[in-house]
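J.: Protein chains in written order, with the numbering used here: chain A, 11 to 122; chain B, 2 to 116.
Bear in mind the hints are in silico, worked out from the structure with no lab data behind them. Heads up, some of the hints might be wrong.
Unchecked claim - Where chain B lies over chain A, by a calculated footprint (3+ residues, C-beta under 8 Å): (1) 50–61; (2) 111–121.
Claimed, not checked - Just so you have them, the derived chain A footprint on chain B, three or more residues with Cβ under 8 Å: (3) 23–29; (4) 33–42; (5) 55–63; (6) 108–116.
What the hints assert, rightly or not - Away from chain B, derived, C-beta distances all over 10 Å, residues of chain A: (7) E25; (8) T28; (9) Q91; (10) S95.
Where is the CB? At the ideal position from N, CA and C, for every residue including glycine.
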Amino acid sequence: SQKIEQNSEALNIQEGKTATLTCNYTNYSPAYLQWYRQDPGRGPVFLLLIRENEKEKRKERLKVTFDTTLKQSLFHITASQPADSATYLCALEADSWGKFQFGAGTQVVVTP
Amino acid sequence: DVKVTQSSRYLVKRTGEKVFLECVQDMDHENMFWYRQDPGLGLRLIYFSYDVKMKEKGDIPEGYSVSREKKERFSLILESASTNQTSMYLCASRTERASSTDTQYFGPGTRLTVL
Numbered sequence: 011s012q013k014i015e016q017n018s019e020a021l022n023i024q025e026g027k028t029a030t031l032t033c034n035y036t037n038y039s040p041a042y043l044q045w046y047r048q049d050p051g052r053g054p055v056f057l058l059l060i061r062e063n064e065k066e067k068r069k070e071r072l073k074v075t076f077d078t079t080l081k082q083s084l085f086h087i088t089a090s091q092p093a094d095s096a097t098y099l100c101a102l103e104a105d106s107w108g109k110f111q112f113g114a115g116t117q118v119v120v121t122p
Numbered sequence: 002d003v004k005v006t007q008s009s010r011y012l013v014k015r016t017g018e019k020v021f022l023e024c025v026q027d028m029d030h031e032n033m034f035w036y037r038q039d040p041g042l043g044l045r046l047i048y049f050s051y052d053v054k055m056k057e058k059g060d061i062p063e064g065y066s067v068s069r070e071k072k073e074r075f076s077l078i079l080e081s082a083s084t085n086q087t088s089m090y091l092c093a094s095r096t097e098r099a100s101s102t103d104t105q106y107f108g109p110g111t112r113l114t115v116l
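Taking the hints into account, I'd like the entire structure generated from these sequences.
T.: Quick look at the structure:
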């Protein structure tokens, strides 16, 4: 069956350190993968998109990698700040157009 | 600034009631989506629409229907609400298929409780 998995345990990290989140998928061949941020009680907000032919993508303090052989994407928050505390979701468009699949998300807690 | 709005942030209904959740986007997007989000399960796609009057089932359409009479508005209907439909409902939109890698823009969500 098709699955997209993220670490379910919250990631507690000290301010200034790098947070690394993992997104693994099985039985998909996505052309791209997206990462979203979600704050409590609010809708997800798009952060980054990485295509299958890209190894790495950066946006400010965020970095995403995509390994289609391992079927894995890593999401890094460098120099983390308390304002980065949120849940981060990965998403891919399944083989049928429009059918997005989301991971359950990983909560990140950055403490001063 | 792009905007997706949902008719209610919180809604409490009784079992058996017909429930309408409304979503409006102001970005002239062709594609609109309805998800529900439950702890530990993430977002699950209920229905999506790629154009006016067009709809496709997502992964969990049972117990739901949708309506898209105008481009900017996408409604989710619970024909006879049940307690297992208590959830956070999220609407999203994105631009057309030609730019299919574009992001989805989400509304703030409606937290529905069915008693």
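J.: Now tell me, hint by hint, if it's right for this structure.
T.: Now for the hints, and whether the structure bears them out:
1. 50–61: Since 8 is at least three, the answer is holds.
2. 111–121: Holds, because 5 residues of the segment 111–121 of chain A bring their Cβ atoms closer than 8 Å to Cβ atoms of chain B.
3. 23–29: The restraint on the segment 23–29 of chain B is violated, since only 0 of its residues have a Cβ under 8 Å from chain A and three are required.
4. 33–42: It holds, with 4 qualifying residues against the three required.
5. 55–63: holds (count 3)
6. 108–116: n = 4 at 8 Å, threshold three: holds.
7. E25: A/E25 clear of chain B: closest Cβ-Cβ about 27 Å, beyond 10 Å.
8. T28: At about 24 Å from chain B, A/T28 clears the 10 Å cut-off, so the statement holds.
9. Q91: holds, 23 Å
10. S95: About 18 Å separates A/S95 from the closest Cβ of chain B, which puts it past 10 Å; holds.
When held up to the earlier numbered hints, the structure conflicts with hint 3 and nothing else.
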